[in-house]
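Peer 1: Note that the protein sequences, when read in sequence, are chains Z and B.
So the number in the numbering used here is just where the residue sits in the first sequence, counting from 1, plus 27.
So the number in the numbering used here is just where the residue sits in the second sequence, counting from 1, plus 27.
Everything labelled a hint here was simulated from the structure, so no lab data went into it.
Check before you lean on any hint, since a few could be wrong.
Since copy identity is lost for identical chains, a pair holds within one copy or between any two.
Computed list of lysine to any residue pairs in SDA-like fashion (alpha-carbon distance at most 25 angstroms, straight line) [stated by the list, open to error]:
{"hint": "1", "residue 1": "K126", "residue 2": "Q98"}
{"hint": "2", "residue 1": "K126", "residue 2": "A73"}
{"hint": "3", "residue 1": "K94", "residue 2": "E107"}
One letter stands for each residue in the lines below.
Number of protein chains: 2
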Amino acid sequence: MPNHAYPTPEAAEAAFYSAFEARSLDAMMAVWANADSIACIHPLAAPLNGHAAVAAGWRSMFEAAGKFRVQVETVHEIREATQVIRIVREYLIIGQEAKPRPPILATNVYRKETDSWRMVLHHASPLQVGGTPPARTPPVVLH
Amino acid sequence: MPNHAYPTPEAAEAAFYSAFEARSLDAMMAVWANADSIACIHPLAAPLNGHAAVAAGWRSMFEAAGKFRVQVETVHEIREATQVIRIVREYLIIGQEAKPRPPILATNVYRKETDSWRMVLHHASPLQVGGTPPARTPPVVLH
């Protein structure tokens, strides 16, 4: 695994999406903390907990995925000295398609380690399902 | 707003789900940090950022909701000295229904303040849509 160091959460996040787009497992796992406490939730999927499960999830995703690009828009940030939470919208553009797919909302958590900021959590979820935006608050049924 | 103090993240989380079930806005907002940096993502909805927006979201949810119970199952935890991330499955039982609805997955982040642990982030998302569990990794389309 390459020994990358990221001086800021933003640098770690740029490396995360760049590894995602490149479908590079080594580059992806260099962004994550090497810990059993990390967790990754792909859209609509069960949580993957711990370094091995997170890596296995990305490996199978990269093996299945074709070429795509991803545009990322920052929505919100919660900044502490050693931990930063960033909420972003991800827009995937698949293959030669002209327009991005409906956005995915992601909560990304980064932790400051001795040498680098590293990702400890990625929780991604759809903002809409089936092509139409949902009613604003479907509370009783969905939450 | 009542001045509750929660000695542990678990106590804050119990108060959060108890306020949710009771549909009590005062009790709910007592659990959250009183800060503009907090964020709340209800299933399939756009993020609500800052104390006022988070409160407005719960208010409209509580006004719309009928009686329900919620069962919570801890899935994973990331523990730091002053910040704890808990991933849980939420099972809602609506009215007199015998069985819970399909689970919601939630990432809950708590921060240690001077007097209490308080919630700073709640990101909830469906684990399945339309009654059937999704394929394990629908990467290109959904992420």
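Peer 1: Does each hint fit the structure? Answer for all of them.
Peer 2: Cross-check of the supplied hints:
no. : hint       : in the structure
1   : K126 / Q98 : within (11 angstroms within a copy, 40 angstroms between copies)
2   : K126 / A73 : between (28 angstroms within a copy, 20 angstroms between copies)
3   : K94 / E107 : neither (36 angstroms within a copy, 37 angstroms between copies)
The structure fails to meet hint 3 from the earlier list, while all remaining hints are met.
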